[in-house]
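**Student:** Each chain is listed here by its residues.
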Amino acid sequence: AQSVTQPDIHITVSEGASLELRCNYSYGATPYLFWYVQSPGQGLQLLLKYFSGDTLVQGIKGFEAEFKRSQSSFNLRKPSVHWSDAAEYFCALRGGGNKLTFGTGTQLKVEL
Amino acid sequence: DAGVIQSPRHEVTEMGQEVTLRCKPISGHNSLFWYRQTMMRGLELLIYFNNNVPIDDSGMPEDRFSAKMPNASFSTLKIQPSEPRDSAVYFCASSLFRNSADTQYFGPGTRLTVL
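These protein sequences, in sequence, are chains A and B. Residues in the first sequence are numbered from 34 upward in steps of one, following our numbering. Residues in the second sequence are numbered from 1310 upward in steps of one, following our numbering.
Pulled out of the complex, with its shape left as it was, chain A reads as follows (with noise of 0.2 Å):
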């Protein structure tokens, strides 16, 4: 079975701070590995994605996160935070097939 557990529901930074929103999986192997964006009414919008290779994966909108097999990691971030970054951050795991598996979500409020 697999599994995505992103343990912060909330967090709140101010603008112009850094970000690091954290996930977790479970899986027999090397995952694909996925960061969704959801703004307010909106549907999903990929941040980065993570398949193989370089384990430090560049996003759209000045987003990284890095792979780290060992702690079965997937830590989304950004160095500094804009007002716009304001949203729900879904980290998602596919293993073998076309079937995501989602997080619950860390909904982001940024502090101006």
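Any given hint might turn out to be false.
[What the hints assert, rightly or not] Each computed DSSO-like pair below joins lysine-lysine, with the alpha-carbon atoms no more than 27 Å apart: (1) A:K82 x B:K1333; (2) A:K82 x A:K94; (3) B:K1333 x B:K1387; (4) A:K132 x B:K1377; (5) B:K1377 x B:K1333; (6) A:K142 x A:K82; (7) B:K1333 x A:K101; (8) A:K82 x A:K132; (9) A:K101 x A:K132; (10) B:K1377 x B:K1387; (11) A:K142 x A:K94; (12) A:K94 x B:K1377.
Hints listed in this document are in silico derivations from the structure and should not be mistaken for laboratory results.
Use these hints to put chain B onto chain A, whose structure you have.
**Tutor:** Quick look at chain B alone, frame taken from chain A:
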């Protein structure tokens, strides 16, 4: 590209009524997915199709739910009869499936309220 198109964007109906949600995937994509999002259960995969064929419908809650994909450019998710607990946001996503690294592109969702 127009992206994944879903209609309607909002639907309010009464318990017992039939509800049909519609999805047009991105042109050229060969996989289509229906998800449901609720506060209690998060994002759940209901069913997905490859090349218009249903591959996995294990997430469909019960017989009241059915999904079809009559051609590569159109899919429907039907609930009959609808119940208040079906209230949720329903997302359609599509992808060009070549390997497990492909990206699923999501539509804007249909917010369903069953009174």
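**Student:** Run every hint past the structure and note whether it holds.
**Tutor:** Here is how each hint holds up against the structure:
1. A:K82 x B:K1333: holds (24 Å)
2. A:K82 x A:K94: Between K82 of chain A and K94 of chain A the Cα gap is close to 14 Å, so the pair holds against 27 Å.
3. B:K1333 x B:K1387: holds (15 Å)
4. A:K132 x B:K1377: holds (18 Å)
5. B:K1377 x B:K1333: Holds - the C-alpha atoms of K1333 of chain B and K1377 of chain B are around 12 Å apart, at most 27 Å.
6. A:K142 x A:K82: Distance ~23 Å between K142 of chain A and K82 of chain A Cα, so the pair holds.
7. B:K1333 x A:K101: violated (37 Å)
8. A:K82 x A:K132: OK: K82 of chain A and K132 of chain A at ~15 Å, within 27 Å.
9. A:K101 x A:K132: holds (22 Å)
10. B:K1377 x B:K1387: With Cα atoms ~8 Å apart, K1377 of chain B and K1387 of chain B stay inside 27 Å; holds.
11. A:K142 x A:K94: holds (16 Å)
12. A:K94 x B:K1377: Roughly 36 Å between the alpha carbons, so the hint for K94 of chain A and K1377 of chain B is violated.
Hints 7, 12 from the earlier list are contradicted by this structure; the remaining hints agree with it.
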